[in-house]
Amino acid sequence: MLKTLCQKMFGRSLWVYHANSGGCNGCDIEVLNVLTPYYDVERFGIKLVGSPRHADVMLCQGPAMRATAKALRRAYEAMPAPKLVFAIGSCACGGGIWFDSYSVLGPVEKIVPVNFYIPGCPPRPEAIIYGVAVAVGLVDKKTAPVQFKQLEMPIPRYHPSDLRGSGEMVVYEKAEKV
Amino acid sequence: MSVLSKLKEAVICLRAGRVTLPYPATARPVPEKFRGRPIFDAAKCIGCAGCASNCPSREILVVDLCQEIRILQYLGRRCTYCGRCADVCPEKAITMSHEFETATNCIGDIRQRLDLFMSTCQRCGRCFKEPSHLEQLKQKGYRFDDVQNERWVLRSQAYLTSEAAVDDMKIEI
Ligand code: SF4
Ligand code: SF4
Ligand code: SF4
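First to last, the protein sequences are chains A and B. Numbering-wise (my numbering), the first sequence opens with residue 1144 and increments by one. Numbering-wise (my numbering), the second sequence opens with residue 8 and increments by one.
Calculated directly from the structure, the hints in this document are not laboratory data. Among the hints, a few may not be true.
Label-pair ranges, simulated between beta-carbon atoms [said to hold, decoys possible]:
1) A:Gly-1280 / B:Pro-63: 31 to 39 Å
2) B:Ala-50 / A:Trp-1158: 43 to 51 Å
3) B:Gly-115 / A:Thr-1179: 27 to 35 Å
4) A:Lys-1253 / B:Val-18: 18 to 26 Å
5) B:His-105 / A:Asn-1168: 21 to 29 Å
Output of the computed footprint for chain A on chain B, the stretches with three or more beta carbons under 8 Å from beta carbons of chain A [claimed, not checked]:
6) 80-91
7) 94-102
It should be emphasised that the depicted structure is a prediction, and the values quoted were computed from it without experimental measurement. Even glycine gets a Cβ: it sits at the ideal position worked out from N, Cα and C.
Can you build the whole structure from these sequences, using the hints too?
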């Protein structure tokens, strides 16, 4: 649903506003890298703007910090209504390696609602382009939660209460459960 | 002079050609030593939790559901792809893959969860694992939990109804 909404609302051109709320600048460099002729996201109509009031999308880098949380919130509120937030980098997605530091509140999710996550520290420029392409519906996302089980319960579960001794034999009453 | 410099500029511009990568349309290979997200191999993992205690972002959580079942959760959201877990793993159960296209609209999508079955040493109570399933079954004192009903079920009771417990059960009790 979000995808169709995105395609409808943001079909032509996304203007992005680049908000760093306390990251190490690694992700900023990669975001700027994405705008260079080499990666050139302007072919998808993506344009960097200087003010949140002109932007459709906010690119968040860095965790939500005590000092910048309010400013981040204000920047988010200043954006006009159909708006998306991308969390770029592991800091923005989950707090990064400083998640338990005294000045870090946690992921930017705590301050602004996040629509797309691009993990990585920093994510490759390709990963950022991929995230944008997922958001505008050019490609499908590739990830899905994974659960590995080493083995299913390897032996049937015997309940001693279901065991009946009949002569030499031991009968297990609920054999169909086994 | 100025004409010459303009000509030079024009030559430089023409020689550069097209540099923009056709990225999302065509795949782009990563360098060989690139570290993408870690992939866990449940068949190799022995559940030692060395990765969990060495992860700088405390991204791998270990929960013991009961004595035999250990859950290893990799959440992925603040993983920095540093590769320390892969370095420290004694069984080489973690490989740093080349996957970087992990962008998602639901952060739970990059989660990995391992349900590890651990057998328990009857003397010290610590977990260890035998190499094959058959050897796990042959172990003396092999036992398992009734997880749903939260109680111990001793396998040997299935065969010994009236007699006293076998040796390994004495150690246990
Ligand atoms: S995710 Fe990594 S590169 Fe990006 S701001 Fe955080 S620490 Fe820096
Ligand atoms: S790659 Fe680094 S941050 Fe990610 S789970 Fe392994 S040790 Fe933790
Ligand atoms: S993945 Fe490796 S380090 Fe982590 S618990 Fe399993 S065996 Fe130990």
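Hints violated by the structure (listed by number, smallest first): When the structure is compared with the hints, numbers 4, 7 turn out to be violated.
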